[in-house]
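Visitor: Each chain, written out:
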Amino acid sequence: MADNNIFRLENVKVWFPVQEGFFKKTVGHVKAVDDVTINVKRNETLGIVGESGCGKTTLGKAMMLLEKITGGHVYYNDDGTERDITTFNKDEVFQFRKKVQMIFQDPYSAMNPMKKIYTEMEEPLIIHGYKDRAEREAIMEEALKLVNIPVDYLFKYPHEFSGGQRQRVCIARAMEINPKVLVCDEAVSALDVSIQAQVLNLMKDIQKEKDLTYVFIAHDLSVVQYMSDRILVMYLGKAVEMADSKELYDNTLHPYTVSLLSAIPVPVIDREKNRIILKGDVPSPINKPSGCPFHKRCDKCMKICEEVEPELKDVDGKGHFVACHLYD
Amino acid sequence: MEDKKIILDVKNLNTSFKSDGKLIKIVKDVSFQLEKGRSLAIVGESGCGKSVTVHSVTRLMAKNSVISSDHVIYRKFNEDGTAKEYRIDKMSNYGKEMRSLRGPEISMVFQDPMASLNPVYRVGDQIIEGLLEHNPGMKKDDAMKMAIELLKKLGIPAPEQRVKDYPHQLSGGMKQRIVIAIALICNPELIIADEPTTALDVTIQAQIMELLKKIQVELNKSIILITHNMGLVTEMADDVIVMYMGRIVEKGTLKDIFNAPSHPYTKMLLASVPVLGMAQGQKLTTIPGSTPNPADLTEGCEFADRCPYCTDECRKGRIPGYEVSEGHMVRCRKFAGNKEVD
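Protein chains in written order, with the numbering used here: chain B, 1 to 328; chain V, 1 to 342.
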């Protein structure tokens, strides 16, 4: 079991200090990610969903060491030995980044408008020590072929591409150095539906071809469900439910996930809709409510929920994790 | 359909933009009618002209635009059943008449709540501005009371305090509710919502949509909803218009469009949306290529280059609209045997 995990997160915390006054005294913390323990299996797609501000992007960045981890451990294992990335030195981080790459949300701002795609795509190869120009070009061409973009487009500027093409160039750029893991942060949110379908299908094909592991972060549950093998639902920096994507849909346990699923408009008519509408907004991550973070909006709230914080537990023994007192 | 019940009647609306000395057609021959008390959804990808269509109707267009049409008629219904017609196409953009329509009769909810509120005024003052403008002599205190009443209906807790807040003190969902309050305060008959929930989370989106539907059904208002989210369309709309590159490619009731999509574009668009609960391993249909540059289009069907059924006929002239069933129009040569309706 343990060998099968490419990532294992143990009580990961990412807190941002809130500073006030002239001396920048720390008066509190934004607990963006608070005590998250999860694992990512090899060659799977783990989807992370939640409302804006729930910490899903911060968690993705923490897994790439782009965000300083306040507490806990992140173990990475691609060759049989498990190593804690929070203890890596500069050189080890450099080697680690080769294996874990990221695709960002907005393909319009992820590329330098002043540079040709050639320069843009050559840069990671130069950094990672491909000294021979012909070799670099061969790799770039192969990467572009992977995403169905003609090779002569290398000499174009980003503004000459459409949104979908740009996102595919970003994927190609991330794929060049043969990473093992791709962290996709809202990779298709900025795209139109017809283009979104193209990119999603392409990403699935690449995963099969290259044995990749995806961490797929998005707020659109239908997209995440389409892409993922397992889904992690986050709320206010906490992992509230994690299960196989089919299991999560068929047998939803946490009240938050239930209402999140019911809030999604489904493009099928004449379907009976049993909608649970949440009241109010997400509380501030600085002053979190005591006990279960969701208890103020939960319709099944009990007395214990206000006092004791539930732990993420495997409720059926088959890997359906939920953090809710209803299933104690 | 009785002519009298139609609140908005648009016939052959064309909008072009001047760019580099050329006129680029963005909206082409758009005609539709909206009945009182019904909701109409305009769907399509970005750049298809759905926003430009409604902005042309309300005449909130930039200076480099050229709008022409056979007619754009807004009907105001009185309680005794008579109606007064307004020819919006004959009014000047910022003239007295147009200004008297915007607010009490037609109002808009814009896409981005962060950008449509003024950051340096309290939200209460922004809500009552329209009310004071259209009701000369009204006292500010009375207007504020009405605003608080409305905010209470919109589900905002402690509205007495919230009206004194500035926009940055409110969350995204709250701000969008303030924007909706601004649109509703003058009790308009026609509400145009331009992607009202695109910037919001699904749980907040559900709250806002529930609210708009309630307003439509209970107060018998008419709504035009612009969106690219097919799921929202099924929940909100009675009638649907599908647009592609400035042209209406399909028009019908919600049932017509979702149970019997006829235009290849509509079919592919519906199939390319991931649906919750889809079987594992199922693949999404994709539309090959990407949307063309509107300046490059000359004649024939705009979708021809991406369409698997394209024939030589499709690239010639203007494609007429054919009737699939009563009230269901499709602009595609595949239906050339049917009756021409547009």
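A hint or two may mislead.
Taking lysine-lysine pairs in the DSSO-like style, the calculated list, with each CA pair at most 27 Å apart, reads [stated by the list, open to error]:
{"hint": "1", "chain 1": "B", "residue 1": "Lys90", "chain 2": "B", "residue 2": "Lys156"}
{"hint": "2", "chain 1": "V", "residue 1": "Lys221", "chain 2": "V", "residue 2": "Lys153"}
{"hint": "3", "chain 1": "V", "residue 1": "Lys164", "chain 2": "B", "residue 2": "Lys300"}
{"hint": "4", "chain 1": "B", "residue 1": "Lys296", "chain 2": "V", "residue 2": "Lys221"}
{"hint": "5", "chain 1": "B", "residue 1": "Lys210", "chain 2": "V", "residue 2": "Lys283"}
{"hint": "6", "chain 1": "V", "residue 1": "Lys36", "chain 2": "V", "residue 2": "Lys214"}
{"hint": "7", "chain 1": "B", "residue 1": "Lys145", "chain 2": "V", "residue 2": "Lys214"}
{"hint": "8", "chain 1": "V", "residue 1": "Lys164", "chain 2": "B", "residue 2": "Lys279"}
{"hint": "9", "chain 1": "B", "residue 1": "Lys300", "chain 2": "V", "residue 2": "Lys283"}
{"hint": "10", "chain 1": "B", "residue 1": "Lys279", "chain 2": "B", "residue 2": "Lys296"}
Stretch by stretch, here's where chain B covers chain V in the computed footprint (C-beta under 8 Å, at least three residues) [unchecked claim]:
{"hint": "11", "region": "23-32"}
{"hint": "12", "region": "94-107"}
{"hint": "13", "region": "198-211"}
{"hint": "14", "region": "248-258"}
No lab work stands behind these hints, which were simulated from the structure alone.
We treat Cβ as the ideally placed atom computed from N, Cα and C, and that holds for glycine.
Visitor: Mind checking the alpha carbons of Lys164(V) and Lys300(B) for me, to see if they're no more than 27 Å apart?
Guide: violated, 34 Å
Visitor: According to a criterion of three or more residues whose C-beta lies within less than 8 Å of a C-beta of chain B, is the region 94-107 of chain V covered?
Guide: violated (count 0)
Visitor: Is the hinted pair Lys300(B) and Lys283(V) satisfied, with a Cα-Cα distance of at most 27 Å?
Guide: violated, 37 Å
Visitor: Going straight from one Cα to the other, do Lys36(V) and Lys214(V) come out at no more than 27 Å?
Guide: holds, 15 Å
Visitor: Assess, step by step, whether the Cα of Lys164(V) is no farther than 27 Å from the Cα of Lys279(B), and give holds or violated.
Guide: holds, 22 Å
Visitor: If you draw a straight line from the CA of Lys90(B) to the CA of Lys156(B), is it 27 Å or shorter?
Guide: Between Lys90(B) and Lys156(B) the Cα gap is close to 34 Å, so the pair fails against 27 Å, i.e. violated.
Visitor: Going straight from one Cα to the other, do Lys221(V) and Lys153(V) come out at no more than 27 Å?
Guide: OK: Lys221(V) and Lys153(V) at ~16 Å, within 27 Å.
Visitor: CA of Lys145(B) to CA of Lys214(V), is that 27 Å or under?
Guide: violated, 51 Å
Visitor: Counting residues of the region 248-258 of chain V whose CB is closer than 8 Å to a CB in chain B, do you get three or more?
Guide: It holds: at least three residues are needed, and the region 248-258 of chain V offers 3 whose Cβ sits within less than 8 Å of chain B.
Visitor: Do the alpha carbons of Lys279(B) and Lys296(B) lie within 27 Å of each other, as the hint requires?
Guide: holds, 9 Å
Visitor: Count residues of the region 23-32 of chain V with a Cβ under 8 Å from any Cβ of chain B, then say if the count reaches three.
Guide: violated (count 0)
Visitor: Hinted pair, alpha-carbon criterion (27 Å max): Lys296(B), Lys221(V). Please report holds or violated.
Guide: Violated, because 34 Å separates the two Cα atoms, which is more than 27 Å.
Hints 1, 3, 4, 7, 9, 11, 12, counting from the list given before, are not met by this structure.
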